[in-house]
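Could you build all of it, start to finish, from the sequences and the hints given here?
Residue numbers (the working numbering), protein chains in the order written: chain X, 1 to 481; chain H, 1 to 348.
FYI, nobody ran anything at the bench for these hints, they're computed from the structure. No experiment lies behind these values; they were computed from the predicted model shown. Since no wrong hints were added, every one of them can be taken at face value.
Chain X stretches covered by chain H per the calculated footprint, using a threshold of three residues with CB under 8 Å from any CB of chain H: (1) 210-224; (2) 302-313; (3) 338-349; (4) 367-380.
Ideal Cβ placement from N, Cα and C applies to all residues, glycine included.
If you want the building blocks of each chain, they are given just below.
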Amino acid sequence: MPSRLVIPFKQHGGEASKPQVKAGDHVLKGQLIGMPEGYISGAIHAPTSGTITAIDEQPVAHPSELPDLCATLIPDGKDEWIQLEPVDYREHTSEVLQQKLRMAGVVGLGGATFPSDIKLRTGKYKINTLILNGAECEPYITCDDLLMREHAPEILRGAEILRHVLDAGEVLIGIEDNKPEAIEAMRQEIAELGFDFDVVAVPTIYPGGGVKQLIKVMTGLEVPSGKLPNEIGVQCFNVATSRTIFRALELGEPLLSRIVTITGNVRHPGNYDALIGSPIDELIAGVEKLPDTNGYIMGGPMMGIRLPSVEVPLVKATNCIIAISDKLFPPAPPALPCIRCTRCVEVCPVELQPQDLYWFSKAKEFGKAQTFSLFDCIECGACSYVCPSHIPLVQYFRFAKSEIRVRALEKQNADKARERHEFREYRIEREKKEKAERLAAKEKAALAAKEKAALVAQEGAAASTTEPPAPTSTEAALPKE
Amino acid sequence: MSALFSPFVNKPDTVSQIMLKVLLSLLPGIALYVWHFGPAILVSIALASITALSTEALMLKLRDRPIMPFLKDNSALLTGWLLALSIPPMAPWWLVVVGTAFCIVIAKHLYGGLGNNLFNPAMVGFAVLIISFPVQMTQWLSPNGLGQIDLSFADQLKYIFMGVLPPDVTLDAITMATPLDTLKTQLHLDQSVKQILDLPIYGRLAGHGSEMVSLGFLLGGVYLLFSRIISWHIPVAYLGSLFAIAGIFHLVDPEHYVAPLFHWFSGAAMLGAFFILTDPVSSPTTNKGKLIFAVMAGLITYLIRVFGSFPEGLAFATLLMNICVPLLVLYTQPKVFGRKDRKNGGQQ
Chain X
1 MPSRLVIPFK QHGGEASKPQ VKAGDHVLKG QLIGMPEGYI SGAIHAPTSG TITAIDEQPV
61 AHPSELPDLC ATLIPDGKDE WIQLEPVDYR EHTSEVLQQK LRMAGVVGLG GATFPSDIKL
121 RTGKYKINTL ILNGAECEPY ITCDDLLMRE HAPEILRGAE ILRHVLDAGE VLIGIEDNKP
181 EAIEAMRQEI AELGFDFDVV AVPTIYPGGG VKQLIKVMTG LEVPSGKLPN EIGVQCFNVA
241 TSRTIFRALE LGEPLLSRIV TITGNVRHPG NYDALIGSPI DELIAGVEKL PDTNGYIMGG
301 PMMGIRLPSV EVPLVKATNC IIAISDKLFP PAPPALPCIR CTRCVEVCPV ELQPQDLYWF
361 SKAKEFGKAQ TFSLFDCIEC GACSYVCPSH IPLVQYFRFA KSEIRVRALE KQNADKARER
421 HEFREYRIER EKKEKAERLA AKEKAALAAK EKAALVAQEG AAASTTEPPA PTSTEAALPK
481 E
Chain H
1 MSALFSPFVN KPDTVSQIML KVLLSLLPGI ALYVWHFGPA ILVSIALASI TALSTEALML
61 KLRDRPIMPF LKDNSALLTG WLLALSIPPM APWWLVVVGT AFCIVIAKHL YGGLGNNLFN
121 PAMVGFAVLI ISFPVQMTQW LSPNGLGQID LSFADQLKYI FMGVLPPDVT LDAITMATPL
181 DTLKTQLHLD QSVKQILDLP IYGRLAGHGS EMVSLGFLLG GVYLLFSRII SWHIPVAYLG
241 SLFAIAGIFH LVDPEHYVAP LFHWFSGAAM LGAFFILTDP VSSPTTNKGK LIFAVMAGLI
301 TYLIRVFGSF PEGLAFATLL MNICVPLLVL YTQPKVFGRK DRKNGGQQ
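Right, dumping it as structure tokens:
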């Protein structure tokens with residue numbers, strides 16, 4: 001049990017959750033401390049019982065290195081649970097189960113942490129194929145492998161729940177062919193449970209664990225650019241997510257811990273079940289780093305981020321922590337110019353032309369970069385890995401993407417300001433015109449009334465009769481807006 | 001300090017290793033060259049190497065670029081070797097130096113250095129030499145045993161560096177026209193292909209000696225293919241189109257048009273197919289573009305060889321097709337993942 005837990009209120013795609021506790025509160029294990037806010041959001045829970053000592057900004061693992069709102073929890077060591085409320089998935093509608101998962105804080109554990117309840121809302125699309133993703137995200141990471149070997153029953157029963165809720169036709173489980181034990185364990189368990197699932201051994205080629213890549217390998221279908229898998233009748237969940245869904249519904253347990261691979265330059269590399277919020281330094285102390293360690297990566301070696309400090313907490317997205325040294329991860333030599341050898345083209349899973357995108361990004365020709373499908377890039381890093389000139393290609397692409405986004409935003413703001421300005425001009429002009437018209441109408445009416453009065457007086461004098469004056473309402477003469 | 005950002009790992013494959021492998025795969029061809037024509041070619045290669053490295057260093061210094069990382073990338077060395085292999089081995093020393101310097105200074109660095117040259121630098125150097133110094137560019141050594149006199153290596157060195165031949169030897173006695181050149185001249189003299197190929201300078205497929213050198217380059221090229229330094233597209237398309245057009249002419253009129261295999265193993269066809277046209281910087285990046293590029297280069301090579309005024313057409317074919325590369329790349333862009341099926345809404 002860690003000495004303290006630091007639990008960020010945003011550990012998922014979408015909006016941060018809203019704190020439900022304050023400093024000094026005593027919480028039980030599994031108690032809701034962050035309420036989901038907005039359509040895409042997730043709940044946050046206390047991973048163990050103890051006392052909340054602070055709700056404030058703490059350093060977290062994020063490329064921006066900015067702190068984020070967190071709850072600090074000092075465990076009391078009793079690990080005292082709240083009352084758990086399991087539900088039977090067969091007796092409830094999809095909406096009820098979605099709400100249950102949302103409140104259990106279930107998010108995708110493959111790394112993207114997209115709230116799982118959203119993925120059950122398939123809308124008008126019929127799901128033909130449910131895919132369980134048992135391909136690791138990146139080399140070095142083995143947490144899903146271990147999970148499949150040790151928790152196959154829970155994963156598979158989670159898949160059965162998903163199949164039921166999505167009303168999916170078939171269930172395919174994709175596992176990379178370098179994990180024969182996991183494949184064997186899952187096949188055996190499927191036979192034992194009597195499920196009609198298929199385990200497919202997929203080639204171990206990075207980034208085979210990417211959703212769209214896995215779907216292509218397993219079904220031959222290409223998810224169109226900018227669309228989601230459910231739009232072509234496929235939905236995909238990570239194996240760890242499937243297990244969490246099973247536990248959230250059948251046992252009523254919210255997501256409080258995850259399996260994380262701790263490896264690299266350490267004495268006891270392995271997979272560890274860690275509470276959400278555990279400080280990374282305490283996890284590393286448990287595996288004994290080697291003396292020449294000079295940094296840590298959160299995530300894999302291809303897409304992970306370098307941790308600014310080890311005082312950040314483990315979050316739901318943390319699938320791997322790698323201790324690095326100059327020997328294990330030697331720094332890349334200085335970049336040379338691109339020689340257009342197209343090794344990057346050969347490895348790009350999205351079939352882009354990275355050498356052209358690099359050229360456009362470097363020259364800030366963002367329009368051309370977009371025509372060459374810059375935004376289809378998944379930033380897997382395969383191009384940078386094979387580049388014989390050691391060009392940090394992905395960094396160039398990220399730069400171009402953010403520049404384009406910033407410019408689009410600036411343009412949007414400028415457009416808005418211009419529209420506002422033009423409308424103001426128009427309004428001033430219109431008011432002026434209206435005023436003039438009102439004035440003219442008034443004068444005209446007054447004149448008309450005068451003339452009429454004079455006429456009436458004349459006629460009256462002539463005919464000796466009195467008639468009521470003609471209506472001279474200035475109101476009626478006003479132009480209607 | 002380890003790497004600061006992802007990916008934290010790199011494939012241990014560098015530009016300098018790629019270039020080194022290309023240099024190594026030239027060795028079988030060079031060895032056969034020495035075997036059949038004597039060691040003079042090694043002098044040209046050495047001269048070209050020294051010139052290439054020193055002009056490269058000079059230009060890097062002038063351009064205020066780091067010198068050592070670029071010198072170690074082996075690209076200048078490769079340019080020098082390819083030029084040396086394209087010109088007569090007994091060429092005077094200044095021809096090699098001027099040609100190589102032109103390759104590196106004008107064709108490479110004035111275009112922006114490594115990775116930015118529009119044209120293949122070695123072929124630019126070759127074109128400049130053949131236009132400016134046509135006489136020196138035709139002094140091809142006779143294969144061993146075929147010339148009137150076989151010059152000793154010491155005498156060869158003397159000629160290369162001082163331009164002096166032993167008193168009783170004329171240049172004509174040690175050099176002769178290339179097999180391609182002889183074929184063209186003899187055809188103009190109304191000889192039939194069959195009669196011409198009976199001349200002693202011809203071997204089994206093409207020129208005696210030079211056909212073996214081509215075979216050496218073919219071997220090296222196959223190694224490049226299998227080590228995945230180059231893709232199959234350019235060599236296959238180039239040799240295929242050269243074979244096809246030569247085959248058509250040969251089938252129609254075998255008296256006047258030589259068999260396609262003769263074209264494969266003559267001149268610089270093999271060197272071009274595997275080592276020159278495949279230069280990544282000046283060839284298209286898309287596979288379809290590579291195919292069009294190489295097919296056109298094959299056709300132009302043939303047309304220049306058979307109907308043009310130069311005996312060999314590879315250099316001009318390469319340069320002409322180099323100009324087309326940006327356009328070829330633009331119009332042969334492959335479809336991106338998830339944008340292939342229009343009905344699927346892929347195309348936005």
